[in-house]
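Protein chains in written order, with the working numbering: chain C, 1 to 393; chain W, 394 to 723.
Hints were generated in silico from the structure; no laboratory data involved. Idealized CB from N, CA, C, for every residue including glycine. Some hints could be false.
Going by beta-carbon spacing under 10 Å, a handful of chain C positions derived as facing chain W [unchecked claim]:
#	residue
1	G277
2	K287
3	N315
4	V333
5	H373
6	L378
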Amino acid sequence: MIRWLVGLIGLGLAATSALAADPVMIGVGYLGVAGARSTLSLVEQPAENDGVAGARLAIEDNNTTGKFLNQRFALEERRIKEGEDVVQAATDLAARNGFVIADLPADALLKVADALRERGTLLFNAGAIDERLREADCRANVIHTAPTRAMLADALGQYLVWKQWKRWLLVVGSHDEDKLFADALRRTATRFGAKIVQERSFEDKGGARRTDSGVTQIQRQMPVFTQQAPAYDVLVAADESEVFAAYLPYRTWDPRPVAGSAGLVARSWDAAQDQWGAIQMQNRFIKLNSRRMSALDMQAWTAVRMLGEATSRTNSGDVKKVTDFIKGPDFSVAAFKGTKLTLRDWNLQLRQPILLVDGRMVVSVSPQEGFLHQVSELDTLGYDRPESKCKLK
Amino acid sequence: MQIEVRMMMSRMWRVGLLSGLTLAAAPAHAFIAYVSNEKSNTVSVIDTESWTVTKTIKVGQRPRGIDFTRDGKFVMVAVGDDDTIQMIDAKTQSVVDSLPSGPDPELFAQDAAGKILYVANENDNTVTVIDLEKRARLGDIQVGVEPEGMTISPDGKTLINTSETTNMAHFIDTSSRQIVANVLVDARPRFAEFKHDASELWVSSEIGGTVSVIDPGKHEVIGKVNFEIPGLRKEAIQPVGIGMTKDDKTAFVALGPANRVAVVDTASRKVTKYLLVGQRVWHMAFTPDEKYLLTTNGVSNDVSVIDVAAQKVIKTIQVGELPWGITIAP
Chain C
1 MIRWLVGLIG
11 LGLAATSALA
21 ADPVMIGVGY
31 LGVAGARSTL
41 SLVEQPAEND
51 GVAGARLAIE
61 DNNTTGKFLN
71 QRFALEERRI
81 KEGEDVVQAA
91 TDLAARNGFV
101 IADLPADALL
111 KVADALRERG
121 TLLFNAGAID
131 ERLREADCRA
141 NVIHTAPTRA
151 MLADALGQYL
161 VWKQWKRWLL
171 VVGSHDEDKL
181 FADALRRTAT
191 RFGAKIVQER
201 SFEDKGGARR
211 TDSGVTQIQR
221 QMPVFTQQAP
231 AYDVLVAADE
241 SEVFAAYLPY
251 RTWDPRPVAG
261 SAGLVARSWD
271 AAQDQWGAIQ
281 MQNRFIKLNS
291 RRMSALDMQA
301 WTAVRMLGEA
311 TSRTNSGDVK
321 KVTDFIKGPD
331 FSVAAFKGTK
341 LTLRDWNLQL
351 RQPILLVDGR
361 MVVSVSPQEG
371 FLHQVSELDT
381 LGYDRPESKC
391 KLK
Chain W
394 MQIEVRMMMS
404 RMWRVGLLSG
414 LTLAAAPAHA
424 FIAYVSNEKS
434 NTVSVIDTES
444 WTVTKTIKVG
454 QRPRGIDFTR
464 DGKFVMVAVG
474 DDDTIQMIDA
484 KTQSVVDSLP
494 SGPDPELFAQ
504 DAAGKILYVA
514 NENDNTVTVI
524 DLEKRARLGD
534 IQVGVEPEGM
544 TISPDGKTLI
554 NTSETTNMAH
564 FIDTSSRQIV
574 ANVLVDARPR
584 FAEFKHDASE
594 LWVSSEIGGT
604 VSVIDPGKHE
614 VIGKVNFEIP
624 GLRKEAIQPV
634 GIGMTKDDKT
644 AFVALGPANR
654 VAVVDTASRK
664 VTKYLLVGQR
674 VWHMAFTPDE
684 KYLLTTNGVS
694 NDVSVIDVAA
704 QKVIKTIQVG
714 ELPWGITIAP
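Bound-form chain C, shown alone:
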């Protein structure tokens, strides 16, 4: 009886699809850099498929919906090796795919955006957090699902100020990205009334991130490095390069919490996020990829889901139609963050709540209560319309 019924259901599905016309095919390219960056913490080492794994899950989600709309999504992944021409690879990918998800450094992304402009390809920046891509160097064919440094810094800063930890000891790494993050943190401090009581820089003198007896030395170095600081509430570290920040928690001279690039960290997503239905998404991700979901995975998932949302609302796979809808006033997407996500129309940055995580738990979600805005409280994070230098073209 049961088998008969299941068979009947199966037969029904087969009959429906046989009758249906050829599905609308929607090609999505994924363009990233080969090889994963190295982190201080072994457990935070990104997987080789970091990012694209999220895109794959969203393709599956879109295809489940696509069954009912006769739409079919396909993903084509391309990884650039050192010395390879990124524009060549992007052009090749765009020949078969109207949409490209990019996880590229800022300069490479801009080259690709300019090369693909005439073709009409819509790019999603899932990886780069650089402010300039949404400001002076913004492009009309690039949508940003990755948050910016200023958004991350503001999300953290709002919480620290809410907690009344307003005196910050800022420690900055010696690489360019570290300095950019420090710039964002200084801006945050000014905006929300925190005070940077002192700045210190941590020079990257080279050396391995993995050693056999490194912990002994680190335990001696970190207290010494943080001693004789003026009175402060929290140490804020700007170390995107993964050189020192993860060594600081529990090792500061004064017993103070650490935030920024270690300790309490601002991210678009975390494997510990389980609110607002997120548990279903985390389960689907683990089932498909046999690992936990990272922030980059989420940024890529959101990009592909935005496409799915637009193709179902417009009932079309046409690149121009889909692009116009995404950039239009009626667009929003749900991404397990308790509120709808929309685009800032002046620079195509996705508005989003930012999680504050400690590696095990979601400690808080910003914007914090009391940070008000006349349009959307999400616009208390990052550069707002009146400050923007972006002219979309």
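Once you have looked at the hints, place chain W on chain C.
Below, chain W without anything else, positioned relative to chain C:
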């Protein structure tokens, strides 16, 4: 204490007997409500005469969807993290059995005869069909991503399932168990409710912030209910539960973190009033005499009692942690 209450009640009874007219006009029916507490892993039992919690029943992990069997003998509660639906004996008020629901059951609907149960399984994009008498699984129906809302048309011929990430209401023929239509609604559809005369299907969209009114014959969205509360940002308005009065004239819509229930005139599809309830209100149930509407307020851990005729909140009852669903004995 208990003696005092009993004495008071017997005194009230006598007063009622003396004024026989009052008794006839307002029969003091006591109903029993069951509330699933998602975080506590319990079900709170509420007596609607005293408005107190009379018992707290331990159930499986993460209880959410909750409903009486048609015969009123059992309360079914979906315990998602245990991948089953537990049966609570309404007489003994304890868990006596469980159903083979499929993974992570959340909400479910039963046919008019109370013989077939349809369960939304969030984790694997299916609706599971269960024979309630044999307590056996009959099959699965593939639907969209994250199925949640479930309801059956008054004639029993159409099952509605909403899928939260696909953003559709799926119309499923209950005899063939095939999808016959898919209607796109706003983001994250959580709950579906038919008018009793079957002329309209209402679907709430939590993230979209609207309720779509669907013509079930044409499978088309024919209107939308919009919400606006002065001083409250739009993102906080997240419609979930819907309660329709028997005359189909008034709908109540729970607005989640807006902490309000909207009273909607179904003819004009306009909100006539917002009732302030507890925090993060999601689901609701009428008493069978439709005098009261009870809502579950997740964040404030309580249940609000709304006087339906007066359109007023008259009481708040503390229950377990994160109250989610509610059902009232027929």
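Query raised in the report: Against the structure shown, which of the earlier numbered hints fail to hold, in ascending order?
Result: Of the numbered hints, all hold.
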